[in-house]
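Each chain, written out:
There are 2 protein chains.
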Amino acid sequence: MSKVAAILTNMFEDVEYTEPADAFRGAGHEVVTVGLKAGETVKGKKTQTPVEIDRAFEDASPEQFDAMLIPGGFSPDILRAHDEPVNFVRDFMRSGKPVFMICHGAQLLITADVLRDRKATGYVSIVQDIKNAGAHYEDREVVVDGNLVSSRNPGDIPAFIRESLQVLES
Amino acid sequence: MSKVAAILTNMFEDVEYTEPADAFRGAGHEVVTVGLKAGETVKGKKTQTPVEIDRAFEDASPEQFDAMLIPGGFSPDILRAHDEPVNFVRDFMRSGKPVFMICHGAQLLITADVLRDRKATGYVSIVQDIKNAGAHYEDREVVVDGNLVSSRNPGDIPAFIRESLQVLES
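These protein sequence lines are chains P and B, in that order. Just so we're aligned, residue 1 is where the first sequence starts under our numbering, counting upward by one. Just so we're aligned, residue 1 is where the second sequence starts under our numbering, counting upward by one.
Please note that a few of the clues may not be correct.
[To be verified] Partial list, computed: chain P residues near chain B (C-beta under 10 Å): (1) Val-15; (2) Asp-77; (3) Leu-79; (4) Ala-81; (5) His-82; (6) Glu-84; (7) Asn-87; (8) Ala-112; (9) Ser-125; (10) Ile-126; (11) Gln-128; (12) Lys-131; (13) Ala-133; (14) Val-144.
[Stated by the list, open to error] Below, computed lysine to any residue pairings styled on SDA-like, alpha-carbon distance capped at 25 Å: (15) Lys-131/P with Arg-116/B; (16) Lys-131/P with Asp-83/P; (17) Lys-45/P with Thr-41/B; (18) Lys-3/P with Val-127/P; (19) Lys-45/P with Arg-116/B; (20) Lys-45/B with Lys-97/B; (21) Lys-119/P with Gln-48/B; (22) Lys-3/B with Asp-22/B; (23) Lys-46/P with Thr-47/B; (24) Lys-97/P with Leu-168/P; (25) Lys-3/B with Lys-37/B; (26) Lys-46/P with Glu-138/B; (27) Lys-131/P with Glu-84/B; (28) Lys-46/P with Asp-113/B; (29) Lys-46/B with Glu-40/P; (30) Lys-46/P with Gly-146/B; (31) Lys-43/P with Lys-45/B; (32) Lys-97/P with Leu-36/P; (33) Lys-131/P with Lys-46/B; (34) Lys-131/P with Lys-45/B; (35) Lys-43/B with Ile-78/P; (36) Lys-131/P with Glu-138/B; (37) Lys-45/P with Asp-156/P; (38) Lys-45/B with Glu-40/P; (39) Lys-46/P with Ser-61/P; (40) Lys-45/P with Val-124/B.
Keep in mind the hints are simulated off the structure, nothing from the lab. Every residue, glycine too, gets a C-beta built ideally from N, C-alpha and C.
Take these sequences, add in the hints, and give me the full structure.
Spelled out as structure tokens, the structure:
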């Protein structure tokens, strides 16, 4: 059983959190939401799914988790305006543990400057940002580069879950 | 009197459109909203200000305008998922006419790949994107680089309006 940190704040793309989180839990893993403030209820962008934040970034460190999930929507852009989420994501990537990001999730890795020379994909609006960050962008439903699994949008969720689970359980 | 194209869709940062647009009109200039669909009413992110789109990108060209205003919020990121706004912004920058952008506005110029070697500023969350795009980022309330005027956030609006009007009327 693995412990997965789900990085969230308001305006996350609902299904990009709920579907992978349900799949991870269904496979016997634990999902812990990490956000700006413990106990806060954040809401999704499209269907306003309420999610309670379990732990604040300031009380979280990569050592406490086995993997990290970054759903998209506008949540990653809101988070990267703060130092704590950016530092957490940078430390997590440097740990070499599995990182699963979808849609706008790559924005956090770009601000943390940890995408250089990695193969990755993301939402159509951030393609140029991914390329400018020194990554090798690929227009595919899921891209697996070692510990890093990335997908483009909600339509890619089945492939994203499949490859994330495989990395999580390998 | 100049004709200013205001580039807008849903979730624009309300005051980053309304305050510059009011100031430009107050100084005798015309403001035309350009968006994805003529006749559509788009709404701001914070106070849901309704704004009608005057002209679609497919019916607009830089020759029809003297300057371009790009308010922030999530509007620029939504727009840059489409080819027409990106092509319009690229053509406008290449025309050398005045461009005023604030907050997330630079995202459209990044996707259009027209920020290289320019001095610019923008919202804190996109600082790394601006740098990665090859621009010279400056953390100041307003940065003027030839035809390009940029500011960081709603707090910078007075300086943004002052310098934009000066470029518009020079």
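Hint check results:
Contact between Val-15/P and chain B, as hinted, is not supported at the beta carbon level, the nearest pair being about 18 Å apart and thus beyond 10 Å. The closest approach between the C-beta of Asp-77/P and any C-beta of chain B is roughly 5 Å, which is under the 10 Å cut-off, so the hint is satisfied. For Leu-79/P, the interface hint holds, since its Cβ comes within 10 Å of a Cβ in chain B; the closest pair sits about 8 Å apart. Because the beta carbon of Ala-81/P sits about 4 Å from the nearest beta carbon in chain B, less than 10 Å, this interface hint is met.
Interface restraint check: His-82/P against chain B, minimum CB-CB distance 9 Å, threshold 10 Å, status holds. At about 14 Å, the closest approach between the beta carbon of Glu-84/P and any beta carbon in chain B exceeds 10 Å, and the interface hint on this residue is violated. The closest approach between the C-beta of Asn-87/P and any C-beta of chain B is roughly 14 Å, which is over the 10 Å cut-off, so the hint fails. For Ala-112/P, the suggested interface contact is upheld, since its CB lies about 8 Å from the closest CB of chain B, less than 10 Å.
For the restraint placing Ser-125/P at the interface with chain B, the shortest Cβ-Cβ distance is roughly 4 Å, inside the 10 Å limit, so the hint holds. Interface restraint check for Ile-126/P: the shortest CB-CB distance to chain B comes to about 8 Å, inside 10 Å, so the restraint holds. Given the 10 Å rule on beta carbons, the hint for Gln-128/P holds: about 5 Å separates it from the nearest Cβ of chain B. Of the supplied interface hints, the one on Lys-131/P holds, with its beta-carbon coming within about 9 Å of a beta-carbon of chain B, less than 10 Å.
Because the closest C-beta pair between Ala-133/P and chain B is about 5 Å apart, less than 10 Å, the hint holds. Nearest Cβ of chain B to the Cβ of Val-144/P: about 24 Å, over the 10 Å cut. The hint is violated. For a cut-off of 25 Å, the pair hint linking Lys-131/P to Arg-116/B stands: about 14 Å separates their Cα positions. Using a Cα cut-off of 25 Å, the hinted pair Lys-131/P and Asp-83/P holds, with the two alpha carbons roughly 23 Å apart.
Of the supplied pair hints, the one linking Lys-45/P and Thr-41/B holds, its CA atoms being roughly 20 Å apart against a limit of 25 Å. For the given pair, Lys-3/P sits about 30 Å from Val-127/P by alpha-carbon distance, which is inconsistent with the 25 Å threshold. Our distance criterion of 25 Å between C-alpha atoms is broken by Lys-45/P and Arg-116/B, whose separation comes to about 33 Å. Distance restraint check for Lys-45/B and Lys-97/B: the Cα-Cα separation of roughly 28 Å exceeds the 25 Å cut-off, and the hinted pair is therefore not satisfied.
Taken as a hint, the Lys-119/P and Gln-48/B pair is broken in the structure, with Cα atoms around 39 Å apart against an allowance of 25 Å. Distance hint between Lys-3/B and Asp-22/B is fulfilled; the C-alpha atoms sit about 13 Å from each other, no more than 25 Å. At most 25 Å may separate the alpha-carbon atoms for a hinted pair to count; Lys-46/P and Thr-47/B meet this at roughly 18 Å. Of the pairs offered as hints, the one joining Lys-97/P and Leu-168/P holds, with about 9 Å between alpha carbons and a cut-off of 25 Å not exceeded.
Proposed proximity of Lys-3/B and Lys-37/B is supported: the alpha carbons are some 20 Å apart, at most 25 Å. Restraint check for Lys-46/P and Glu-138/B: the C-alpha separation of about 35 Å exceeds 25 Å, so the hint is violated. Distance check on the hinted pair: Lys-131/P and Glu-84/B sit about 21 Å apart at the alpha-carbon level, within 25 Å; holds. Simply put, Lys-46/P and Asp-113/B have alpha-carbon atoms about 30 Å apart, too far for the 25 Å limit, and the pair is violated.
This hinted pair checks out: Lys-46/B and Glu-40/P have alpha carbons roughly 20 Å apart, not beyond 25 Å. For the given pair, Lys-46/P sits about 40 Å from Gly-146/B by alpha-carbon distance, which is inconsistent with the 25 Å threshold. The hinted pair formed by Lys-43/P and Lys-45/B meets the criterion: a straight-line CA distance of about 15 Å does not exceed 25 Å. With a C-alpha separation of about 22 Å, the suggested pairing of Lys-97/P with Leu-36/P holds against the 25 Å cut-off.
A threshold of 25 Å between alpha carbons decides the hint, and for Lys-131/P with Lys-46/B the separation of about 31 Å lies outside it, so the pair is violated. Restraint check for Lys-131/P and Lys-45/B: the C-alpha separation of about 28 Å exceeds 25 Å, so the hint is violated. A C-alpha spacing of about 19 Å is found between Lys-43/B and Ile-78/P, which places the hinted pair at or below 25 Å, so the restraint holds. Taking the CA atoms of Lys-131/P and Glu-138/B, the gap is about 22 Å. The hint holds against a cut of 25 Å.
A hinted pair counts as satisfied when its Cα atoms are at most 25 Å apart, and Lys-45/P with Asp-156/P qualifies at roughly 18 Å. Distance hint between Lys-45/B and Glu-40/P is fulfilled; the C-alpha atoms sit about 21 Å from each other, no more than 25 Å. Among the hinted pairs, Lys-46/P with Ser-61/P is inconsistent with the structure: their alpha-carbon atoms are about 30 Å apart, more than 25 Å. For the proposed pair Lys-45/P and Val-124/B, the alpha carbon gap of about 21 Å is at most 25 Å, so the pair holds.
Taken one by one, the earlier hints fail for this structure at numbers 1, 6, 7, 14, 18, 19, 20, 21, 26, 28, 30, 33, 34 and 39, listed in ascending order.
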